[in-house]
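Chains as they are written, first to last, in numbering that gives the first Met the number 0: chain A, 0 to 380; chain B, 0 to 640.
Honestly, the hints are just simulated from the structure, not real lab data. Remember, predicted model here, so these are calculated numbers, not experimental data. Certain hints may be false.
Under 10 Å between C-beta atoms, here's a sample of chain A residues computed to sit facing chain B [as the list claims (entries may be wrong)]:
1. 141
2. 142
3. 261
4. 312
5. 326
The calculated label-pair distances, taken between Cβ atoms and stated as ranges, are [as the list claims (entries may be wrong)]:
6. A:293 to B:242: 16 to 22 Å
7. B:300 to A:222: 48 to 54 Å
8. A:251 to B:56: 29 to 35 Å
9. B:178 to A:217: 48 to 54 Å
Glycine included, each C-beta is placed from N, C-alpha and C at the ideal position.
Here is what each chain is made of, one letter per residue.
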Amino acid sequence: MRSKKRQSDGVFLMPEGDLKRPHSPQVTLLCLLFAGMLSIGFINLYSASIGAPFFWTQLRNLLITLSAFFLFGWLIPIKKVSAYTYWFVGLICVLLTIVLFSGRIAGGAQRWISLGPISFQPSEFAKLAVALSVARFFSANRQDAPYRLRDIMPLAGIIGIIFVLIFAQPDFGTAGVCFLIGLCQLAFIRLDIRSVAAVVLSTPIVAAIGWNMLLLPYQKLRILNLLNPQLDPQDTGYHALQSLIAVGSGGLFGKGYMQGTQAHLRFLPERHTDFIFSVFAEEHGFWGSVLVFVGFGLLAYIALDIAKHSKDTFSGLLAIGLGTLIFLEFIINVAMVMGIFPVVGIPLPFFSYGSSAMLTICVSLGLLISINRTNSGVSKR
Amino acid sequence: MTRIHKQDSLLVESRFLWASLSVLVLLSGLFFRLWYVQIYQGEYYQGISERNRVRKIEIPAPRGIIYDRNGDVILGNSPFYDLVYIPQYVQDRDTTFKVLSRLLHVPTNRFETRLEMAQGQPKFLPITLKRNLSQHEVSMIEANKIFLPGIEVRVAPRRDYGPDVPPHLVGYLREIDPKGLQKLNKDASGNPYLIGDLVGKQGIEARWEKHLRGKRGYRLIQVDAFGRQTQGFEERGWQFPSVPAIPGSDLELTLDKELQKIAREAFNGKNGAVVVLNPQNGEILAAVSEPGFDPRAMQNGLSAEEWRRLTEHPFKPFLDKTTGGEFPPGSVYKAVVALAALEERVVDENKTYFCPGHFTLGNRLFYCHERHGHGTVNLIKAMLKSCDVYFYQVGVELGVDRIAKYAKALGLGQMLNFGLNMERPGLVPTSAWKMLVHRFPWAAGDTPNVSIGQGYNLITPIQMANLYATIANGGKVWRPYVVNRVTNHVGEIIYEHQPELIHEVTEIKPQTFDMIRQSLMAVVMDPQGTGKNAIVPGVTVAGKTGSVQVVSLKKNRNQGDVSMNWKEHAMFAAFSPVEHAEIAVAVVSQNDPIGGGGRSAAPVAGKIIAAYWKLKEARALARQQAEAPAPGAEEREAAKL
Numbered sequence: 000m001r002s003k004k005r006q007s008d009g010v011f012l013m014p015e016g017d018l019k020r021p022h023s024p025q026v027t028l029l030c031l032l033f034a035g036m037l038s039i040g041f042i043n044l045y046s047a048s049i050g051a052p053f054f055w056t057q058l059r060n061l062l063i064t065l066s067a068f069f070l071f072g073w074l075i076p077i078k079k080v081s082a083y084t085y086w087f088v089g090l091i092c093v094l095l096t097i098v099l100f101s102g103r104i105a106g107g108a109q110r111w112i113s114l115g116p117i118s119f120q121p122s123e124f125a126k127l128a129v130a131l132s133v134a135r136f137f138s139a140n141r142q143d144a145p146y147r148l149r150d151i152m153p154l155a156g157i158i159g160i161i162f163v164l165i166f167a168q169p170d171f172g173t174a175g176v177c178f179l180i181g182l183c184q185l186a187f188i189r190l191d192i193r194s195v196a197a198v199v200l201s202t203p204i205v206a207a208i209g210w211n212m213l214l215l216p217y218q219k220l221r222i223l224n225l226l227n228p229q230l231d232p233q234d235t236g237y238h239a240l241q242s243l244i245a246v247g248s249g250g251l252f253g254k255g256y257m258q259g260t261q262a263h264l265r266f267l268p269e270r271h272t273d274f275i276f277s278v279f280a281e282e283h284g285f286w287g288s289v290l291v292f293v294g295f296g297l298l299a300y301i302a303l304d305i306a307k308h309s310k311d312t313f314s315g316l317l318a319i320g321l322g323t324l325i326f327l328e329f330i331i332n333v334a335m336v337m338g339i340f341p342v343v344g345i346p347l348p349f350f351s352y353g354s355s356a357m358l359t360i361c362v363s364l365g366l367l368i369s370i371n372r373t374n375s376g377v378s379k380r
Numbered sequence: 000m001t002r003i004h005k006q007d008s009l010l011v012e013s014r015f016l017w018a019s020l021s022v023l024v025l026l027s028g029l030f031f032r033l034w035y036v037q038i039y040q041g042e043y044y045q046g047i048s049e050r051n052r053v054r055k056i057e058i059p060a061p062r063g064i065i066y067d068r069n070g071d072v073i074l075g076n077s078p079f080y081d082l083v084y085i086p087q088y089v090q091d092r093d094t095t096f097k098v099l100s101r102l103l104h105v106p107t108n109r110f111e112t113r114l115e116m117a118q119g120q121p122k123f124l125p126i127t128l129k130r131n132l133s134q135h136e137v138s139m140i141e142a143n144k145i146f147l148p149g150i151e152v153r154v155a156p157r158r159d160y161g162p163d164v165p166p167h168l169v170g171y172l173r174e175i176d177p178k179g180l181q182k183l184n185k186d187a188s189g190n191p192y193l194i195g196d197l198v199g200k201q202g203i204e205a206r207w208e209k210h211l212r213g214k215r216g217y218r219l220i221q222v223d224a225f226g227r228q229t230q231g232f233e234e235r236g237w238q239f240p241s242v243p244a245i246p247g248s249d250l251e252l253t254l255d256k257e258l259q260k261i262a263r264e265a266f267n268g269k270n271g272a273v274v275v276l277n278p279q280n281g282e283i284l285a286a287v288s289e290p291g292f293d294p295r296a297m298q299n300g301l302s303a304e305e306w307r308r309l310t311e312h313p314f315k316p317f318l319d320k321t322t323g324g325e326f327p328p329g330s331v332y333k334a335v336v337a338l339a340a341l342e343e344r345v346v347d348e349n350k351t352y353f354c355p356g357h358f359t360l361g362n363r364l365f366y367c368h369e370r371h372g373h374g375t376v377n378l379i380k381a382m383l384k385s386c387d388v389y390f391y392q393v394g395v396e397l398g399v400d401r402i403a404k405y406a407k408a409l410g411l412g413q414m415l416n417f418g419l420n421m422e423r424p425g426l427v428p429t430s431a432w433k434m435l436v437h438r439f440p441w442a443a444g445d446t447p448n449v450s451i452g453q454g455y456n457l458i459t460p461i462q463m464a465n466l467y468a469t470i471a472n473g474g475k476v477w478r479p480y481v482v483n484r485v486t487n488h489v490g491e492i493i494y495e496h497q498p499e500l501i502h503e504v505t506e507i508k509p510q511t512f513d514m515i516r517q518s519l520m521a522v523v524m525d526p527q528g529t530g531k532n533a534i535v536p537g538v539t540v541a542g543k544t545g546s547v548q549v550v551s552l553k554k555n556r557n558q559g560d561v562s563m564n565w566k567e568h569a570m571f572a573a574f575s576p577v578e579h580a581e582i583a584v585a586v587v588s589q590n591d592p593i594g595g596g597g598r599s600a601a602p603v604a605g606k607i608i609a610a611y612w613k614l615k616e617a618r619a620l621a622r623q624q625a626e627a628p629a630p631g632a633e634e635r636e637a638a639k640l
């Protein structure tokens, strides 16, 4: 068996909860990557938010997000996380419902909840909720036969509710990411081929019905704008073009830190959030961007590796979900910035301003470390 | 299908390979796109990025300055503020116009017509929406600039007209029209005209346009997304290239600013023209044409109402009457007839005629302006009294063609090719001319009228001045000129005018000219002379009055009752001093409100001549004082010795 080779992991065998030494090369790599990406992100945010206090706000919030990272990485055992999953999912659903009715409006959608001085975006945490609920569902409902459609109906229900709640904000980007996270996790489960075929074949019909009967005209318009930026050249088309100009004008080595004309002369819209990668690409050019690509690629492979070596379904699926979350956001954001994807409001992990997103990323990485620590400690017999 | 950790995990192991491949494919896709955008198309996007932030600001060139003969500025430039519209950067035209209209209280359709005029030119070229903004308007625009992308206030040097600029001679500027733009740009390669440029339309401004206009430069600035200029990058040692504007060449005129001012003041209230020139070389010292117009208003653009008022004015303000106004010369012409008569030996200085107040030829009666008659008159007396009967006699004896021969020799009846504005040739009638034009033979009754300068005769004021200049200098017909020298922006002289002799009158002997000069002097200096109002103490002046009846008047009609258009033209032509004249003046007052040449035109000429001598004296004195060595220097010289 191939898995026998893995017993060499026992070198890193450590008691649970020991903070002093890293438990596996994955954890070391993850910590280094986390620190590295975070530093690059912050340095870049400083340049992107010159003249605005975003950098300092983000730095202040880093205290909270970092503590979340350590909390989930070392202090809370993964079993606890598993146990409280549905409570968390329930809470997110409630928050999303509240947002729909009394959220703060920003960028044409209701996305924010304000509690005194704190305001946050529940839809960011919904991504986590999806990853958690999928993992929890399959660990609790294990069956040896391939899953049929009716077997996973409850899970479909949960994801469907989350999806619809976010979709109605409207925030198609985040809703889509949630859906895709669930889908990617399902891809690792044995599904009944007939069920898959049925779903794939019925998708156009469901989409057609939904389009014609459920969506309001303004929502349709928004989706059309998304798919065809020329329809709305004033906003998204202009943004996408300026972003492409920023990336393209970076060239091989970029214009230099703090020298990006597109960003500093305010041609780039949303340069501290969705379009922050164009700031980076403009100032640091091709090689800088490649470095970031490599970082995210590495992160994705580490997440896959952690999932592969996890000892139970919950840990494995959760690791897949978390890796997908980070990597998918990266792919969509960068594709959007480089003009090959419609402009949807997806932040770039580690780079974009936004504490909800940052907290989600930190918790995800913490959970990945926690999973790895839990699993590598137990050798497979 | 194998599962890892068969007992615990539901995850399918083979899917990890697919997942890894997917990650790789996605990353490669992004990588390829990155390479395509940043490396393959990098230069293209760099270009766009530069164009995004760098704006080319045109620097208009100031037109050349026009100086008078003493180096005083006749016409210079001052900064003016214009509102310009750059189509490239305007996001919402209608909103922009609405905001502007509210700020400047100008209807939006005025802006739209300006835009329509500029259709078809490149989008980055500015279009002038409104000229000459006030300080207040400039600050209003600047304060609201964030709402007005693509709208800028630009400062441009523009003509600064003082009150004493002769509008006809110097000319005026008007905004170029699209048709004229194409025509002008055909031969202005390398320095094209743009919509909204001002171009010379009359006088010196039009004639010397090529030299005066200069060449525009440009300057690059960095702007942010709202089109606001930013300094940041230049502070870090960046310098954008810029090309300075080259000012137009300066003109030095022969005009004397002071004399011009005095001539204009002296002529105030009359309609017509004054020409003052130097008989020894033909340089114009002053030229007035009234009524004038305001060149400032022309530069700013006239409203339809103002335009109509100017074009329907009975005295044609746009016409430069010094070269383009043709008038019957009247008694001023008698000098020509006298010259012809003396030269053809029809009369000599002693021959007399009797003037009973009228002259009969066949069955027609010609009156003298003095109905009671002048009695027995010789040449001198006939000139000084301006006796018509004497000249009727002389004219009839000479015949029209012999008068014409001398008139043409003296430069009348043909253009002087002065080169400015629309010049008219005037008219010297001959029998052949009448046959050709009127298809009717010359009648004997036409000659008396011609010999006193009425009838078919026509002369322009500049010809009149030149005629008397020729008499004064003994037969040299100079070509009048006004631009003495053209100096470019670095001080090189690129054109210098040499006085040009059109021809020398050989038909007339110097003694004859001398005799005429003596008689013309008597006109002014004799207490009985018709031109005694032009007398200037201390110098000799020679001249001749003229009063031209526009319609023949009944015996006891009073001039005062006659309507404006029927009043007589008052003329006076003079030169001073009588020998070696330095100044020749012609005054033509159309439908003069005061009276004839002696009463109305002569005092004007007198004032101008008096001012000329006074100015000359004052300048000589000033020069003397400047050249005289300082008293200290003399003492030092003495101490050395």
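Now the hints, each set against the structure:
Interface restraint check for residue 141 (chain A): the shortest CB-CB distance to chain B comes to about 6 Å, inside 10 Å, so the restraint holds. At a threshold of 10 Å, the smallest CB-CB gap from residue 142 (chain A) to chain B is about 9 Å, leaving the interface hint in force. For residue 261 (chain A), the shortest C-beta to C-beta distance to chain B is roughly 6 Å, which falls under 10 Å, so the interface hint holds. For residue 312 (chain A), the interface hint holds, the least distance from its beta-carbon to any beta-carbon of chain B being 4 Å, beneath 10 Å.
Here the hint on residue 326 (chain A) is kept, as its CB sits about 7 Å from the closest CB of chain B, short of 10 Å. The beta-carbon spacing between residue 293 (chain A) and residue 242 (chain B), approximately 47 Å, falls outside the hinted interval of 16 to 22 Å. The beta-carbon spacing between residue 300 (chain B) and residue 222 (chain A), approximately 52 Å, falls within the hinted interval of 48 to 54 Å. A beta carbon spacing of about 32 Å between residue 251 (chain A) and residue 56 (chain B) agrees with the range 29 to 35 Å that was offered as a hint.
Take residue 178 (chain B) and residue 217 (chain A): their Cβ atoms lie about 51 Å apart, and the range 48 to 54 Å holds.
In summary, the one numbered hint that this structure violates is 6.
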